[in-house]
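First to last, the sequence lines map onto chains V and G.
If you use this note's numbering, the first sequence closes out at 536, no skipped numbers anywhere.
If you use this note's numbering, the second sequence closes out at 311, no skipped numbers anywhere.
Derived from the structure by calculation, the hints contain no laboratory data.
Note that beta-carbon positions come from the ideal geometry of N, C-alpha and C, so glycine has one too.
You may find that some hints are simply not true.
[What the hints assert, rightly or not] Covered, in the sense of this in silico footprint (three residues per stretch, anywhere, with C-beta under 8 Å from a C-beta of chain V), are these stretches of chain G:
#, stretch
1, 36 to 46
2, 130 to 139
3, 231 to 245
4, 251 to 262
5, 286 to 299
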Amino acid sequence: MSASASSLRAWIMNPWAKARFLWAIAVAYVLWTLLPVVVAVAFSFNAGKAQTTWQGFSLTRWYADDVNSVWQNTELRSALFQSLKLSGLVVAIAVPFGVSFALALDRWRGRTAASVNFVMLFSFITPEIAIGVGLFLLFTQAIQPALQGFTAQVFGLSMYEMAYAVIIVRARLLSVGREYEEAAMDLGASPAGALRRVLLPMLSPAIFASVAIVFAAAIDNFVISQRMCASAQCQTIPILIYSSARRSPLPSLNALASITLFASTLVIGLAALAYKRASGREGKKATAVPVGL
Amino acid sequence: MLKAEPRGWFPRWFWPSFAGPASIWLLLFFLLPFYVILAVAFGRLDQVFLTAEPVYNPLQWNTGPFRDVLGQLSDSRSIAQLTFVRTLGYVGIATSLCLVIGYPVAYFIARHAGRAKTFFLVAFVAPFWISYMMRMFAWVNLLQPDGYVNRILTALHLQSSPRLFLNGKASTVVMGLVYGYVPYMILPLYGMLDRINRSTLEAARDLGAGQVKTFFRVTLPLSRQAILAGCVIVALPMFGDYFTQTLLASTRQTAMFGNLIVSSIESSLVNQGASLVIVMLALLMIPMIYYLRSTKAAQEMADR
Chain V
244 MSASASSLRA WIMNPWAKAR FLWAIAVAYV LWTLLPVVVA VAFSFNAGKA QTTWQGFSLT
304 RWYADDVNSV WQNTELRSAL FQSLKLSGLV VAIAVPFGVS FALALDRWRG RTAASVNFVM
364 LFSFITPEIA IGVGLFLLFT QAIQPALQGF TAQVFGLSMY EMAYAVIIVR ARLLSVGREY
424 EEAAMDLGAS PAGALRRVLL PMLSPAIFAS VAIVFAAAID NFVISQRMCA SAQCQTIPIL
484 IYSSARRSPL PSLNALASIT LFASTLVIGL AALAYKRASG REGKKATAVP VGL
Chain G
8 MLKAEPRGWF PRWFWPSFAG PASIWLLLFF LLPFYVILAV AFGRLDQVFL TAEPVYNPLQ
68 WNTGPFRDVL GQLSDSRSIA QLTFVRTLGY VGIATSLCLV IGYPVAYFIA RHAGRAKTFF
128 LVAFVAPFWI SYMMRMFAWV NLLQPDGYVN RILTALHLQS SPRLFLNGKA STVVMGLVYG
188 YVPYMILPLY GMLDRINRST LEAARDLGAG QVKTFFRVTL PLSRQAILAG CVIVALPMFG
248 DYFTQTLLAS TRQTAMFGNL IVSSIESSLV NQGASLVIVM LALLMIPMIY YLRSTKAAQE
308 MADR
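Work out the full structure, taking the sequences as your base and the hints as a guide.
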């Protein structure tokens, strides 16, 4: 044990090797960030009820069978559908609005455009709790409290996540340039025709990427969804995890969390493939997609 | 033949109209809510039920309740000030730790990862699409008295009895914050370090600087902007965070500013909650504007 430890030490401290110390830090970092999640996903396949002891592998116990699985427990099932419904609607609003806003910003370079853009970027870095409290007060004090709940969640989140689509599509617009639609209009296309037949197809990889990122962000959103939700009916998966994590939850909660993880990984993976294929076809270097920010 | 001005092909209103839906959305669900926050914070209080009555006319605003909140925050014995100072401490320590962890990782991915670069990039982007709640929930289970962390520590004889990590330990909350937000630190750092031209580094080496000196004289000064941007983008959401604390500690002794806001809103003291949000935003305004300006400058540099 001590011999291997000292040889490990020698390996790390070897001044002739390249950046072994940095390798060790990076590997440790990756383990630290991903292992807890791997363990949580693994426990969604636990055969027993424990959250801290492995009791054997079971494929579907917490997903489909039993009374406590995601599929049978009404609370969990309703959270799953609520999350999917919410993020679907948010994508349906935020992506078209964001794409059209990115087009406006790129082509209409006025002072008004710049200040609206500033407001949007501001909304993006404001701590979510401030937006959450603001929307909460808007819906409970200023407008009908009846709107609070699912409708308010859709409104608030579609505003908050719009910025992702704007940032991604704008980056793409910069690399596409104006030549193609100008050529189309030289050949007799109307402005709307040039937009529909030339520009939108060229933007499709960026639109795919926005759909994926907005979907993943919306399905994971907690603060705004929670502030807008006063009843059990509008509980989404993150809200449910938050409210039950500390009171001995069942592994079916892990199963539910894993389902969101699988869903967003799938969507992001598909979008990454589509993006790569579309930009590869053009033989250009892909524009970096600002993931996360 | 002169080329026609391309702008002329589209009607003047064509592109501005595209900004319409998004502008309306931002107005209704971003700017208007802030006006409502002001109206509630500077509104009237019902004398009997202490419910807030928003006042929408700025000329009739009443600053009394807001000044009460400020008074509480400046009273050194109040819970509000204690919470505020604690939050500053947590955010300060967690941000520094994010930098200490994030910088070497970003440096490694940008310079030394070699063929493993794609793997490390995917691994470091992964937390962005794994739900924050799930990542915290994973730690809740690991840190239980009979969880894996305690079992490993006991098995290694580093402790004789399980430690209660989740019973209001400040270190657990800070660890949670670092864990939650460190990817946001790595992102700008990696972007900057990856852009530094190799020939700049080679020039430094040719001029006789060693590896360490090159780092301190070239790489570090060039990444100063990204370090600041990373610190701001990590500290902003941490300052409004309340869920990490609730999941990993949930005691009064570890409560953060966000918890103060949420608990006033949830106990119907909306007036106080609104005032606290105003205080928070007033404090964060300068770093927020700094961040927006610095990313704008970086964007313009990249476009050129």
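Here is how each hint holds up against the structure:
Here the stretch 36 to 46 of chain G counts 9 residues with a CB under 8 Å from a CB of chain V, which clears the bar of 3, and the coverage holds. Here the stretch 130 to 139 of chain G counts 10 residues with a CB under 8 Å from a CB of chain V, which clears the bar of 3, and the coverage holds. Under a criterion of three residues with beta carbons nearer than 8 Å to beta carbons of chain V, the stated coverage of the stretch 231 to 245 of chain G is upheld, 3 such residues being counted. Interface restraint, the stretch 251 to 262 of chain G with chain V: holds (3 residues with C-beta to C-beta distance below 8 Å; minimum three).
Here's how the stretch 286 to 299 of chain G fares: 6 of its residues keep a CB closer than 8 Å to some CB of chain V, so the rule of at least three is met and the hint holds.
Hint compliance for this structure: no hint is broken.
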